[in-house]
Amino acid sequence: MHNKNQYLQEELLRTSGVNPKKCMRCGKCSATCPAYDEMEYHPHQFVNMVESGDIEPLLNSKSLYRCLSCFACIDRCPRGVEPAKLVEAVRLAAIRKQGANHLKADDVPAMLDDDIPQQALVSAFRKYAK
Amino acid sequence: MQRIGVFVCWCGSNIAGTVDVQAVSDALAHEPGVVFSTNYQYMCSQAGQNMIKDAVAEHKLTGIVVCSCSPRMHEATFRKTAAAAGINPYMVEIANIREQCSWVHKDMQTGTEKAIILGKAAVAKVNLNTPLTPGESPVTKRALVIGGGIAGIQTALDIADAGFPVDIVEKKPTIGGKMAQLDKTFPTLDCAACILTPKMVDVAQNDKIRIFSYSEVTDVKGFVGNFDVTIKKHARYVKEDICTGCGACTEKCPMKKVPNEFNLGMDNRSAIYIPFAQAVPKVATIDPNYCNMLKNGKCGVCSKVCAAGAIDYTQKDEFIEEKYGAIVVATGFNPISMDKFDEFAYNQSKDVITSLEFERLTNAAGPTAGKLLRPSDLKHPHTIVFVQCVGSRCDACAEKGKEYCSKICCMYTAKHAMLTRDKYPDTEVYVFYIDVRTPGKNFDEFYRRAVEEYGVHYIKGMVGKVTPEGDKLKVQASDLLANKQLHIDADLVVLAAAIEPDKSARPLATMLTASMDTNDFFTEAHPKLRPVESPTAGVFLSGACQGPKDIPETVSQAGAAASKVIGLLAKDKLTGNPCVASSNELMCNGCSTCERVCPYGAITYENKEFRMPDRTTAIRRIAVVNPAVCQGCGCCTVACPSGAMDLRGFANSQIIAEVDAICK
Amino acid sequence: MQVKEYKPLIVAFCCNWCSYAGADLAGNNRLNYPADVKIIRVPCSCRVNPMFVLRAFQRGADGVILCGCHPGDCHYTSGNYYTRRRMALLFSMLDYLGIEKERTRVEWVSAAEGAKFAATMNDFAEKVAALGENKRLEDLRCKR
Chain A
26 MHNKNQYLQE
36 ELLRTSGVNP
46 KKCMRCGKCS
56 ATCPAYDEME
66 YHPHQFVNMV
76 ESGDIEPLLN
86 SKSLYRCLSC
96 FACIDRCPRG
106 VEPAKLVEAV
116 RLAAIRKQGA
126 NHLKADDVPA
136 MLDDDIPQQA
146 LVSAFRKYAK
Chain B
12 MQRIGVFVCW
22 CGSNIAGTVD
32 VQAVSDALAH
42 EPGVVFSTNY
52 QYMCSQAGQN
62 MIKDAVAEHK
72 LTGIVVCSCS
82 PRMHEATFRK
92 TAAAAGINPY
102 MVEIANIREQ
112 CSWVHKDMQT
122 GTEKAIILGK
132 AAVAKVNLNT
142 PLTPGESPVT
152 KRALVIGGGI
162 AGIQTALDIA
172 DAGFPVDIVE
182 KKPTIGGKMA
192 QLDKTFPTLD
202 CAACILTPKM
212 VDVAQNDKIR
222 IFSYSEVTDV
232 KGFVGNFDVT
242 IKKHARYVKE
252 DICTGCGACT
262 EKCPMKKVPN
272 EFNLGMDNRS
282 AIYIPFAQAV
292 PKVATIDPNY
302 CNMLKNGKCG
312 VCSKVCAAGA
322 IDYTQKDEFI
332 EEKYGAIVVA
342 TGFNPISMDK
352 FDEFAYNQSK
362 DVITSLEFER
372 LTNAAGPTAG
382 KLLRPSDLKH
392 PHTIVFVQCV
402 GSRCDACAEK
412 GKEYCSKICC
422 MYTAKHAMLT
432 RDKYPDTEVY
442 VFYIDVRTPG
452 KNFDEFYRRA
462 VEEYGVHYIK
472 GMVGKVTPEG
482 DKLKVQASDL
492 LANKQLHIDA
502 DLVVLAAAIE
512 PDKSARPLAT
522 MLTASMDTND
532 FFTEAHPKLR
542 PVESPTAGVF
552 LSGACQGPKD
562 IPETVSQAGA
572 AASKVIGLLA
582 KDKLTGNPCV
592 ASSNELMCNG
602 CSTCERVCPY
612 GAITYENKEF
622 RMPDRTTAIR
632 RIAVVNPAVC
642 QGCGCCTVAC
652 PSGAMDLRGF
662 ANSQIIAEVD
672 AICK
Chain C
5 MQVKEYKPLI
15 VAFCCNWCSY
25 AGADLAGNNR
35 LNYPADVKII
45 RVPCSCRVNP
55 MFVLRAFQRG
65 ADGVILCGCH
75 PGDCHYTSGN
85 YYTRRRMALL
95 FSMLDYLGIE
105 KERTRVEWVS
115 AAEGAKFAAT
125 MNDFAEKVAA
135 LGENKRLEDL
145 RCKR
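Residue numbers (our numbering), protein chains in the order written: chain A, 26 to 155; chain B, 12 to 675; chain C, 5 to 148.
So here's chain A without its partners, still in its complex pose:
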């Protein structure tokens, strides 16, 4: 199978430190994911698609920003694959590639309400912006 995204794939594996070949397709990551229904591509699909070099759809997917980084998948994975780290790596790649941030400072006031803790904003910036 020809892999047109080989460079990107290697980059993702290197930055995340994840070895998708260890995955035994049990699906426990997706079973444990609290944001599952919000995601178009689920944790196990991230692992699978990066392994097969099918990375474009992931880069363009909103799923990247629905992952809570709660790391439940990392904790529960029986093979130590660490899907959340892979999601994180793809997210970084997307941000770098677009040269634009998923979250812009100008958009923030519209999202604000009294219940939003300051910490959530800070962490969102850290996660979604360069």
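There may be inaccurate statements among the hints.
Heads up, simulated SDA-like pairs for lysine to any residue below, C-alpha to C-alpha not over 25 Å straight-line [stated by the list, open to error]: (1) Lys-243/B <-> Thr-151/B; (2) Lys-675/B <-> Ser-653/B; (3) Lys-243/B <-> Lys-334/B; (4) Lys-110/A <-> Leu-492/B; (5) Lys-315/B <-> Lys-327/B; (6) Lys-418/B <-> Pro-450/B; (7) Lys-334/B <-> Asp-213/B; (8) Lys-539/B <-> Asp-77/C; (9) Lys-117/B <-> Asp-77/C; (10) Lys-244/B <-> Glu-272/B; (11) Lys-120/C <-> Gln-62/C; (12) Lys-471/B <-> Asp-62/A; (13) Lys-539/B <-> Lys-105/C; (14) Lys-675/B <-> Glu-130/C; (15) Lys-110/A <-> Lys-129/A; (16) Lys-334/B <-> Lys-117/B; (17) Lys-471/B <-> Pro-45/A; (18) Lys-495/B <-> Asp-657/B; (19) Lys-476/B <-> Cys-48/A; (20) Lys-452/B <-> Leu-430/B; (21) Lys-91/B <-> Tyr-101/B; (22) Lys-46/A <-> Thr-151/B; (23) Lys-117/B <-> Arg-34/C; (24) Lys-351/B <-> Pro-479/B; (25) Lys-495/B <-> Arg-50/A; (26) Lys-476/B <-> Pro-45/A; (27) Lys-327/B <-> Lys-471/B; (28) Lys-105/C <-> Asp-671/B; (29) Lys-11/C <-> Asp-118/B; (30) Lys-471/B <-> Pro-59/A; (31) Lys-46/A <-> Glu-414/B; (32) Lys-152/A <-> Ala-135/A; (33) Lys-47/A <-> Glu-414/B; (34) Lys-411/B <-> Arg-448/B.
What the simulated footprint calls covered on chain A by chain B, stretch by stretch (three residues with Cβ under 8 Å from a Cβ of chain B suffice, anywhere in the stretch; the number is not a length) [said to hold, decoys possible]: (35) 54-66; (36) 98-109.
Keep in mind the hints are simulated off the structure, nothing from the lab. All residues carry an ideal CB built from backbone N, CA and C; glycine is no exception.
Let chain A serve as the given structure and place chains B and C on it in line with the hints.
For chains B and C alone, coordinates are given in the frame of chain A:
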């Protein structure tokens, strides 16, 4: 100086075709020590062998070099010839001039040159050969089986069948093991008790078999054919030979709140107990951790109700020493602890159970008398979720799970699911699997029947978490094929826990000097060709102590181990391999290096008195090789820093002589 | 002056259970390899004392190869693991002394691998021949 005879074989034209045999025998005639040299068409034929015998007599030969085919072919033949001619069989060396010369080289000149060099090397070696006699050791015709589960029972029965006495050591009060706790057995669904208990009775009634129940092996010394074993018989505070097993004491015992380990703590037993109705030996045992009489001297009800007068509160642990010729390890397995798998809420809800607990729940002799009722409220569960591979195939969490596949879970889960649907068709049964592995006779058909005929929902995916909520268990899982996350309200969750070797296996392996893998399973002597023997001679493996196994496999391995034991015990004497290591006690400094590299535990140390040059005596620690245990690999000879260790038949001097002869 | 064709001298230590049987199989299948290879039978590759290897080089061997059972298949369970470690150390020391790494080798040959045995010996003999005579460690006092 040796008087060596050289015999060059033509092997028809096999050797003579590319090697000038006359030139070889002529060249070797001038080697040091050689007093006779000849060649002949077929050295291995009767005429050829007679030629050797005649030459031995005529020229008073002390050593023989045969230049012929591979020693793997005819070394034994020529050794026998030598013995018949009256010289030590280990004074024979073979120069391999067929497989490693005439057959691989085409040119007559190079072939002849190489054959001469190989012949010279063999002559150089024989010059340094010494007569060797294989050691003999007697065989104690009695076998020990450690573990009284189905593996141990079958092994003991088979050995006893051949007429040899066998002792079974079982650490529980009764034999029977895990199989006694099971309900039905796959794939035929016959009840475990119906096929196991007759075998237990056979064991009890066989006059060749002794059962040491409630006992453990505490020490093993000796070697193949001659093991000295110490068995600790725990005090059960009941005289085994008097107790009739009537059970009156267990009924009257006032201390009834002891968790019943036979039912995995799902109900209670009394402090004096018989594990189950068909126990063998059917004798009561007092649990010293709960008995009021033993703890604070107040009670004594059991001794009052015992008509036979079998109760003895003063009983002490007893140590029995016995000799055995062979030892079979059948220590079996246990399910792993579920304590560290928080996501499945095993410790939060009574309704999350392991598969072995499920066996007890469906067993007619179990805590619910065979009715499937959930442990928390004794209601009939309507939705049951089975989770496979809990802790199996788990390499990320060594402290939690096991890297290997536990092998039996796919089949017993299919069995549980099928039986549940059969008895309670109103129950929805979900099985979450990663892979369904059913290699085995009638196994896959069984699993497919569960799906196709009994309507069990098999879902490819894993359960992520279980949350107790009210009287339900919220199960969150993934369905990988539908690419959906599922949320199921279950009444009962059953975890197919990985299995691990019994905790007693590792200390036992140390006592036996038998090797183990990183998972504490015993290692076999050869993974394919010697699967029931341990690398330690005289120690055999039966059942799940060697790796996860189902009942049919366990029974066949038990029979195989028994046949190996019978083969050993049938011998009156064991003839050893004389090519073993031996230590020069004057050079040995007792450093223990050789002991550490020996894979067989053949090397021990002893303190020996030496006379020193100044006429004083000194006690020095020196290595001693047990020739009955040593297999002659020679690893210790290289490890020895002082050069004290050498290997008979392949001595340092002999190999160096060969090297020198080749490099001339 | 007549130039004699250079023939390397190679000593092969073969364990009795796998590699010696592999060499026999090469013979049974008539697979050629150079006659420069002379085999010494040892019970296990772990019987080979580094001293034997040094002795061979001292006496003028041009290459020394050890053959044993594949890792995990040792007849004596763990002998070949010792060989692997010991020889790794010895060979790196020999390399330091000027005995090129191509002159020494440890190879795993099973009893079924006659073809591998022959191929290994062909390859090894070729590499050793390309390096020429071993002059570094040869002790000329041993020459006759």
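Taking the hints in turn, this is what the structure says about them:
1. For a cut-off of 25 Å, the pair hint linking Lys-243/B to Thr-151/B stands: about 21 Å separates their Cα positions.
2. Between Lys-675/B and Ser-653/B the CA atoms are separated by roughly 28 Å; this puts the pair beyond 25 Å, and the hint is violated.
3. Taken as a hint, the Lys-243/B and Lys-334/B pair is honoured in the structure, with Cα atoms around 14 Å apart against an allowance of 25 Å.
4. Of the supplied pair hints, the one linking Lys-110/A and Leu-492/B holds, its CA atoms being roughly 24 Å apart against a limit of 25 Å.
5. Taking the CA atoms of Lys-315/B and Lys-327/B, the gap is about 21 Å. The hint holds against a cut of 25 Å.
6. A hinted pair counts as satisfied when its Cα atoms are at most 25 Å apart, and Lys-418/B with Pro-450/B qualifies at roughly 10 Å.
7. As the CA atoms of Lys-334/B and Asp-213/B are separated by approximately 24 Å, the hinted pair is consistent with the 25 Å bound.
8. A distance of roughly 10 Å separates the Cα atoms of Lys-539/B and Asp-77/C; the hinted pair therefore holds under the 25 Å criterion.
9. Our distance criterion of 25 Å between C-alpha atoms is broken by Lys-117/B and Asp-77/C, whose separation comes to about 33 Å.
10. With a C-alpha separation of about 20 Å, the suggested pairing of Lys-244/B with Glu-272/B holds against the 25 Å cut-off.
11. Between Lys-120/C and Gln-62/C the CA atoms are separated by roughly 29 Å; this puts the pair beyond 25 Å, and the hint is violated.
12. For the proposed pair Lys-471/B and Asp-62/A, the alpha carbon gap of about 18 Å is at most 25 Å, so the pair holds.
13. Taking the CA atoms of Lys-539/B and Lys-105/C, the gap is near 35 Å; set against the 25 Å cutoff, the hint is violated.
14. In summary, the hint linking Lys-675/B to Glu-130/C is supported, as the alpha carbons are separated by about 21 Å, within the 25 Å threshold.
15. In summary, the hint linking Lys-110/A to Lys-129/A is supported, as the alpha carbons are separated by about 24 Å, within the 25 Å threshold.
16. With a C-alpha separation of about 59 Å, the suggested pair Lys-334/B and Lys-117/B falls outside the 25 Å cut-off, and the hint is violated.
17. Only pairs whose Cα atoms come within 25 Å are accepted, and Lys-471/B paired with Pro-45/A is accepted, the gap being roughly 19 Å.
18. Only pairs whose Cα atoms come within 25 Å are accepted, and Lys-495/B paired with Asp-657/B is rejected, the gap being roughly 68 Å.
19. Pair hint Lys-476/B plus Cys-48/A holds up; C-alpha atoms about 19 Å apart against a cutoff of 25 Å.
20. In summary, the hint linking Lys-452/B to Leu-430/B is supported, as the alpha carbons are separated by about 20 Å, within the 25 Å threshold.
21. Only pairs whose Cα atoms come within 25 Å are accepted, and Lys-91/B paired with Tyr-101/B is accepted, the gap being roughly 10 Å.
22. Proposed proximity of Lys-46/A and Thr-151/B is contradicted: the alpha carbons are some 53 Å apart, above 25 Å.
23. For the hint pairing Lys-117/B with Arg-34/C, the CA-to-CA distance comes to about 10 Å; that is within 25 Å, so the pair holds.
24. This hinted pair checks out: Lys-351/B and Pro-479/B have alpha carbons roughly 17 Å apart, not beyond 25 Å.
25. In summary, the hint linking Lys-495/B to Arg-50/A is supported, as the alpha carbons are separated by about 14 Å, within the 25 Å threshold.
26. As the CA atoms of Lys-476/B and Pro-45/A are separated by approximately 23 Å, the hinted pair is consistent with the 25 Å bound.
27. At most 25 Å may separate the alpha-carbon atoms for a hinted pair to count; Lys-327/B and Lys-471/B exceed this at roughly 55 Å.
28. A C-alpha spacing of about 22 Å is found between Lys-105/C and Asp-671/B, which places the hinted pair at or below 25 Å, so the restraint holds.
29. With a C-alpha separation of about 15 Å, the suggested pairing of Lys-11/C with Asp-118/B holds against the 25 Å cut-off.
30. Proximity of Lys-471/B to Pro-59/A is assessed by CA-CA distance (about 19 Å); at most 25 Å being required, the pair is judged to hold.
31. Between Lys-46/A and Glu-414/B the CA atoms are separated by roughly 16 Å; this keeps the pair inside 25 Å, and the hint holds.
32. Between Lys-152/A and Ala-135/A the CA atoms are separated by roughly 19 Å; this keeps the pair inside 25 Å, and the hint holds.
33. Our distance criterion of 25 Å between C-alpha atoms is met by Lys-47/A and Glu-414/B, whose separation comes to about 12 Å.
34. Pair hint Lys-411/B plus Arg-448/B holds up; C-alpha atoms about 22 Å apart against a cutoff of 25 Å.
35. Against chain B, the region 54-66 of chain A contributes 7 residues with a C-beta closer than 8 Å to a partner C-beta. That satisfies the three-residue criterion, and the hint holds.
36. Look at the region 98-109 of chain A against chain B: 6 of its residues bring a Cβ nearer than 8 Å to a Cβ of that chain, three or more, so the hint holds.
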